[in-house]
Amino acid sequence: MALNYDYDDTSETWPFFLLTVVLMILIPLTLWQLVWIFRGSDNEKDKSIQENEDIMEPLNDTYTLASIKKFRHKFLKERSNKIFNKWNLIIIASWCLVVFLIQRINANDAIKESTAGLFDPYELLGISASASDKDIKSAYRKLSLKFHPDKLSKDLTENERTVLEETYVQITKAYESLTDELVRENYLKYGHPDGPQSVSHGIALPSFLVDTTSSPLLVAIYVLSFVLVLPWIVSKWWTKTQAYTKKGVHTLTASYFVDRLVNYKPSEVITIDLIIKWLSNAHEFKEFYPELTAEDFERLLQDHLHRRDSGEQNEIKYRIVAKCHTILYGLLDVTCAFRNTDATNMTLNTFKCIVQAVSSVNDAEIYQLPNVDRATFQNGSVDEIHTLGKLFTYENDKIGKILGIKDSKKLEETLQVASNIPVLKLLKAEFVVPGEDRVTPLSVSHISIKVLIRSAKHKLIPVDKFPSERFEESQDFDDLKDPFAKQEQQPLLPYSFAPFFPTKRRNAWCCMVVLQKDSKIIQNPLVVQKLSLSNLKNEFGKLDVKDFDKDFNPEDWEIGTIKIPLGQQAPAENGHYYFRVVIKSTDYFGSDLDLTMDMNVCDPPKVEENETSYSDDEDDLEDDEDLEDDEYDSDFTDIDTDTEVEEDAVDEK
Amino acid sequence: MSEFNSTNFEGQQQEGFEYGSFNDTNGFFNNQTYSSNSTYNNTNNGTFTADEETVKIVPTSFYTPFIYGAVLLIALFFFSKYYKQQRIKQLSQLRSIFDEHDARDLYFEIKEMKESEEVKVHDKVLKAALLNRGAENIRRSFKLKELAPQVELLYKNGSIGEDYWKSFQTEIKVTEAEVKECIIEAENLQPGWPQLFLQLCQEICFNQALQRRYNSILERKNTCIKEWDLDIDGDGHMVTKKDEKK
Amino acid sequence: MSILYNENSKMISVAQPDEATEIFAINVAQINKLSKSIIAESNPNFTPKPNDNTTAMIQKMFQTGITKMKEQKLNDALKSISLAIEMATRNRSPYEAFALQLQELQFMLKHKIDLELVLGKPMDALQDLEMLMGTGLATPDVFIRLTDALLKLGQFNEATAVCERGLSLSPNETKLKALILQCNRLLAEYNGDI
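Residue numbers (the numbering used here), protein chains in the order written: chain A, 1 to 653; chain B, 1 to 246; chain C, 1 to 194.
Everything labelled a hint here was simulated from the structure, so no lab data went into it. Everything numeric in this text was worked out from a predicted model, so none of it was measured. Incorrect hints may have been included.
As the list claims (entries may be wrong) - The list that follows gives simulated cross-link-like pairs (lysine-lysine, PhoX-like), each with its CA atoms no further than 20 Å apart:
#1 A:546 - A:459
#2 A:236 - B:89
#3 C:10 - B:124
#4 A:277 - B:226
#5 A:277 - A:240
#6 C:152 - B:221
Said to hold, decoys possible - What the simulated footprint calls covered on chain B by chain C, stretch by stretch (three residues with Cβ under 8 Å from a Cβ of chain C suffice, anywhere in the stretch; the number is not a length):
#7 90-102
#8 108-114
We put the CB at the ideal spot given by N, CA and C, even for glycine.
Assemble the whole structure, with the sequences as input and the hints as a guide.
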């Protein structure tokens with residue numbers, strides 16, 4: 001539609017163009033940054049202090065190696081400083097640019113002229129748009145008295161006189177446009193009382209690009225930046241976003257993990273060493289240190305697990321170990337999608353091993369404590385002690401002897417760590433369909449698990465000591481609307497005791513749901529980071545409690561809730577369906593929970609149906625028989641892949 | 001973007017011209033048809049008559065946008081060409097989602113050995129190699145079928161990249177082609193054999209899997225002992241800490 | 001990766017065994033096993049039909065084991081049954097009907113596992129049980145033995161998980177019900193909760 005092209009000779013368009021582009025990027029960025037600066041700090045501090053005390057944090061600091069502290073200082077400083085960082089500088093610089101542009105626009109006469117050309121009769125007459133004819137007339141009269149060329153004072157300079165005369169013409173035009181039929185029509189149609197004005201279509205090129213003799217070169221640069229540089233930047237950005245999966249793992253790393261699971265050989269048992277080997281092939285490490293090989297990374301990771309000094313490579317070690325956090329979550333994602341329970345469990349075991357810097361899960365509950373002398377521990381005790389709980393059945397002095405700790409202050413700290421590692425005790429687990437008292441066919445349910453978070457030093461509290469009302473699922477409106485809101489209101493877990501891990505970290509529990517029939521994971525793991533640890537403070541030592549009923553008061557104990565949404569509907573057929581729920585901590589050994597749940601699917605109570613348990617059992621027996629004489633087909637996939645058990649048999653039902 | 005332009009045109013005459021062309025454009029938009037002839041010519045004539053007054057600027061300012069457009073188009077053209085080339089290169093470089101296809105490679109090696117006639121390879125050895133290759137192909141197609149929903153889920157969740165997804169799709173086609181090729185080879189080795197060949201391959205595939213699993217028992221056992229840090233004597237009995245102390 | 005061919009034995013072998021990957025070596029072995037079976041076969045259109053001679057041989061060895069078991073010579077019985085399994089995996093042609101081979105192996109393995117458990121070899125039993133599970137055999141028997149083996153190996157957490165799964169698949173199995181109580185007690189002791 002353009003009839004002629006003009007360059008922006010008077011610089012009236014391109015500053016607007018630039019301003020729009022800059023603001024379009026700058027405003028969201030600034031808001032984001034502000035939210036991050038204010039919200040981020042509030043959240044972290046308020047909620048954790050609210051209930052969960054950071055008991056472990058000072059201990060963690062005490063036992064953190066100097067070299068790790070140095071590493072933290074060097075690599076994690078930027079993140080801690082929220083005010084003076086790269087992004088804020090860019091934002092400030094951009095705002096300066098905006099201010100400059102606005103000033104330029106203000107200082108530009110051409111722009112003013114063109115805005116002055118815009119004709120608004122109401123404004124010229126100084127009245128509102130809803131003014132009546134009478135008002136218009138009176139306003140015009142007043143103004144014309146003031147600006148009429150005959151009435152102007154004679155002292156005015158030539159210049160001022162012209163300006164005022166022009167104003168009078170404008171006022172007259174404005175008046176006419178509101179009263180005279182023809183002029184009014186012109187105004188409504190073309191926006192100006194004189195009829196259509198000239199229209200031009202400009203290209204937002206600043207005049208200096210066109211005016212000067214070097215214009216072809218400058219135009220070429222301008223064109224290049226839009227034709228080549230801009231697409232290049234966009235494509236860079238695009239490939240970068242493409243290069244990482246949603247879990248923040250490089251796609252090459254993710255592909256490698258998938259590859260390992262696809263080509264997984266039956267002779268391989270998935271072990272921690274194997275997973276360490278997989279991790280060391282992560283592309284992220286290669287990006288950090290292109291000169292090192294997967295073997296080097298594996299050696300460094302093993303150094304970390306065995307708490308060996310890597311000399312000059314310590315910094316490299318810390319950096320890759322810190323990165324393992326993300327990579328392990330990526331691996332977890334893949335193993336869960338492959339529904340592989342063994343690989344998932346072992347991935348989480350490896351997670352703990354890396355966090356606590358221990359090389360195997362054997363006796364790791366003990367080795368995660370500080371000051372333990374391994375030789376004394378291995379040779380000393382006559383009884384089998386592998387767990388924290390067992391350890392606390394002894395007097396403190398004896399524990400010191402078992403662990404080989406002589407210094408009483410050190411022993412006290414060790415015991416403090418040991419007693420502050422949360423242990424989960426199952427109180428109640430059920431499938432809940434909001435608004436129903438049972439699981440009906442095809443309903444959407446979630447798993448609700450009530451746990452007692454206790455310390456390993458506490459005496460075991462049998463479930464029946466708690467009044468059963470405390471396990472009841474509340475049925476008020478808010479809970480029915482969002483059954484998961486309550487869980488989010490629990491306090492954030494405090495920092496973990498993990499002095500060998502290069503960064504400070506918080507514990508998390510990964511909750512996996514496994515179908516018992518084929519022993520396969522059915523959905524992505526839920527990561528729980530909100531639970532109250534207030535019970536850990538309670539005095540209820542195994543050796544201290546003499547009279548249980550006298551010392552125990554259920555009100556002293558907080559009950560934690562873990563709710564796991566189920567991604568699938570309940571089965572269509574009535575019957576019992578069994579699920580295994582595995583809740584594994586990412587940071588601590590001895591903090592896990594493994595339970596089997598029975599989903600009893602039955603119709604809503606319309607007519608009283610006499611479903612005796614006998615008939616149910618028969619169904620189950622039949623199911624089992626089906627499993628036994630597996631068909632031909634399912635058999636071969638089973639052995640063939642060595643990870644599959646009875647999948648086909650299940651699918652067919 | 002419309003604005004008043006005072007530099008190029010002055011006076012009533014130009015206004016009249018602008019007025020006319022303005023109407024033209026309106027018509028052009030109302031009709032929704034491309035009657036470019038009239039509009040374009042009008043513009044041209046109009047502009048060139050006006051040029052006589054402001055000769056200096058107009059020629060460059062008229063052609064530059066076209067040069068601009070041309071450069072843009074050419075650049076895009078080369079870019080798309082380059083991009084396509086890269087894509088083809090990438091696709092050809094996509095690695096198989098399986099480890100090496102040793103069964104196929106071995107078959108070709110034996111076949112080559114037989115054809116070169118340096119050594120006298122027994123006919124049935126080649127048959128055996130082909131059966132082994134066929135069995136491996138069947139294993140792969142089963143595996144692919146079994147993996148398909150999981151890989152799709154991973155892809156949908158954004159847990160794996162575009163490349164892996166593409167190689168997975170390619171792998172399905174490659175494996176299909178492999179199966180067909182094996183059947184042709186079987187027909188060449190022994191006319192009329194393919195039907196029986198496929199049946200045999202299936203049995204072999206599962207038996208081999210069973211065998212591999214059975215053969216791995218010892219290795220698994222050793223790994224397991226190491227992993228659980230157990231002490232087991234040569235006879236398979238457990239040695240506990242307490243026993244050691246005695 | 002290059003291979004060598006021996007004209008006398010009609011077997012192939014890896015030229016540089018050190019460089020060969022595990023999978024490559026397995027493939028070479030698989031081809032050799034196939035060659036051996038096919039060369040022994042006179043009919044060019046051989047079918048998956050099981051070889052009666054081999055069946056008889058395996059049966060005989062297995063029966064010897066059963067007899068010895070009845071005579072309470074458990075170690076000898078285990079040896080014979082292991083030998084019978086070894087024979088089945090070695091002498092059967094890879095193209096003989098899989099369904100039959102699988103059944104045969106599962107049947108013999110079950111007896112082997114029982115003997116191993118009685119003779120106090122829980123680790124061997126565990127491996128054989130895992131193999132059985134891998135073939136899709138998930139009967140209460142297998143779960144009972146698996147739990148038993150794991151308890152003997154001191155893996156209380158694993159044992160409990162296996163026992164619970166067994167109970168999920170057959171909720172009325174009394175032996176499993178008894179075992180779960182035992183598991184829980186041992187686990188509580190292990191965790192110092194008793």
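How the hints compare with the structure:
| no. | hint | in the structure |
| --- | --- | --- |
| 1 | A:546 - A:459 | holds, 10 Å |
| 2 | A:236 - B:89 | holds, 19 Å |
| 3 | C:10 - B:124 | holds, 9 Å |
| 4 | A:277 - B:226 | holds, 17 Å |
| 5 | A:277 - A:240 | violated, 26 Å |
| 6 | C:152 - B:221 | holds, 15 Å |
| 7 | 90-102 | holds (count 3) |
| 8 | 108-114 | holds (count 3) |
The structure fails to meet hint 5 from the earlier list, while all remaining hints are met.
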